[in-house]
Amino acid sequence: MGLNRISVIGAAKALRETARLLRLGGGTALPGLVVEAVVPEYLDEWTQQLTGGIILVSGTNGKTTTVRMTAEILLRAGYEPVSNRTGSNLLRGILSALVERSDWHGRLVLGARGVGLFEVDEGTLPQVLGRLRPHVVVLTNLFRDQLDRYGEVEALARAWRRVLTETPPEVLVVNADDPNLAAIVDDFPKDVVLFGLESSPFARDSLPHAADARFCPRCNGPLSYAVVYYSHLGKYRCPDCGWERPVPDVAGEVVRAQGIESLSLAIQYGGEPFEVELPVGGTYNAYNALAATAVAWAYRVPTRVVRQGLGVFQPAFGRQQVINFGRRRVVTILVKNPAGFNEAINLILSDGRDGPKNLLIILNDRVNDGRDISWVWDVDFDVLQGRVGLVVTSGLRAAEMALRLKYAEVVGTADTPGPIIEPDIRRALDIALEKIRPGETLYVLPTYTALLDLQRILARRGLTRPYWEA
Amino acid sequence: MELRIGYFYPDELNLYADRGNVICLTRRCRWRGIDVRVVPVELREQFDPDEFDILILGGGQDRDQRVVADDLVEVKGEALRAAVESGVVVLAACAAYQLLGHYYQPAEGDRIRGLGIFDAYTVHPGPAEPRCIGNIVVEWQGRTLVGFENHGGRTVLGPGATPLGRVVIGFGNNGQDGTEGAVYKSAFGTYMHGSLLPKNPHFADHLIWLALKRRYTDATLAPLDDRLELAAHQAAIQRARAGD
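Residue numbers (the working numbering), protein chains in the order written: chain A, 1 to 470; chain B, 1001 to 1244.
Here are the in silico distance ranges between beta carbons for each label pair: (1) B/1105 <-> A/463: 50 to 58 Å; (2) A/437 <-> B/1223: 35 to 43 Å; (3) B/1033 <-> A/264: 47 to 55 Å; (4) A/155 <-> B/1045: 22 to 30 Å; (5) B/1033 <-> A/239: 37 to 45 Å; (6) B/1107 <-> A/352: 50 to 58 Å; (7) B/1183 <-> A/155: 29 to 37 Å; (8) A/206 <-> B/1183: 31 to 39 Å; (9) B/1109 <-> A/206: 27 to 35 Å; (10) A/41 <-> B/1075: 58 to 66 Å; (11) A/435 <-> B/1224: 23 to 31 Å; (12) B/1045 <-> A/325: 52 to 60 Å; (13) B/1221 <-> A/186: 50 to 58 Å.
Read the hints as simulated data drawn from the structure, not as lab findings.
Glycine residues also receive a C-beta, built at the ideal position from the N, C-alpha and C atoms.
Using the sequences provided together with the hints, build the complete structure.
Take a look at the structure:
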């Protein structure tokens, strides 16, 4: 058996190297696929070695950033987090991460107290929950996303609720501002830490078009919102049955928002308020920071350490990371669904810079993007009217993206030129960079597989690290 | 000239970006100097069959379908039937299409009664059967329509129903008989949900033309520059062919 085990782990490790050499995209899931198929009992040994427990982060938006923020905090609290790579968030992606951190005997190599900190695909959470028996589960939010793959928001919330009640983690960390998630807490048998926003300069008083939680999860009556922060996240109440947003344990206030690059957040952390300057803007990043802080709360991390961790965190590629091409700035923001796209647009419009915004929007429709691109018609593009300069659309559905902008009358009107349509991403990027002037910013908004393509293109030019190292 | 669009259940049946259809009709009319008024028609709200020239009904979450079905049959049923009989243009996608048939039999629970405007019924074959999901290409009046379908229910047309078109790629009504959608007078039912009209400008203009013809007798539509629309149409056909 000993030899067998070595050869399985060896095969998995070798596969990863081979895949990387052959540029098969880092081979992030391949080793896990091998281990998943051959030796399930590895998982039990690994979970025992992770004495700090396992944390799973799931939800539609914010998984990657929440994991990165939490990792910075836990690292400074004396833990050694083991995390999966961005997007490799099915069970095999998690196993791959564990293979990578193991020696040839399949034992984890850890310098400190190990903690598994994994992002999990929202559709896969029920399956992964049963296999990994996590200590903490974090639920960030649920928005309509890839309806062809995940189904409807409420069905997903019901599936989560069922499996979380059946196999409960020790602690459930939940966004109190998302009614579909707050309702899950109702019959949860163990500890709950709720996080939420108390105020933000971005707050609105009504729901945007693509909101997914208009009805009370308890009585089906229409919910009424006093404040809306982001999509359907906010302070809600059901006038019919009286159910309302629960009071969060970890509460945040957006004090100042300075465009893409920073956000001041005041956080109430067990009666101990503190203020932190995040190196990324946007309401959704305030939520990510609150989720990470709520995990820190579950681990009894001191305030000082939470603050340090959040302050030094760096965004992943495609999550508002800024790349300089000489004197031209490129800011890439992943767009996956109407909720995230609307927020990206709001963020770009409030970036604190004068002048029209230059956009390169890349719309793909592969399985991992969602094959159904109808969702771009749910995004509120009208707010870009009169605010754009250069507009290039790219990707497999470049034409549909351009069409969407035409019908929002953002491009192709009497006083704006038509968009440039270039399905090839490399060429589209070159065209866009050539057309903008020094000192200007190009906002690149790719869907998921387009982001991977883009990262490959930039890595080849030595401008960013490949995604399996980022 | 002016057209009045009734946008049914904008809060409940808005899951698959059906707003794209409303945006498309509105812009294509306004670009031609035709005024458009879009009026939401909500749950529990009655309407007058003479109030609108075009009615748009879309797809919703499963939970909403029962609520909407009750409302559609009990509150709006009579007016909707009268509107269809008088030639009002109706575009009903996905869940709404199913409700315009005789009934919808869900995988679990009781049969949901429909309006019977189309001689058709829909049965969900149970959770074991895969949903019909993917890009779809349909032949309609010698041209193609492109869209995306995502439905569990299978619709069977009766002898009194005319299909909207023939499936070229995809599933359509039931994945068996090659039919897609249904037409009765100027009412169109289809599984092509969401943003169907923008990338099928010929179909969008057909609906506008029918509505104008009914209201103003003499209706000619000025041509628009549809290069972008047709590029999106072609891209959708290519993606449907690629099948990945």
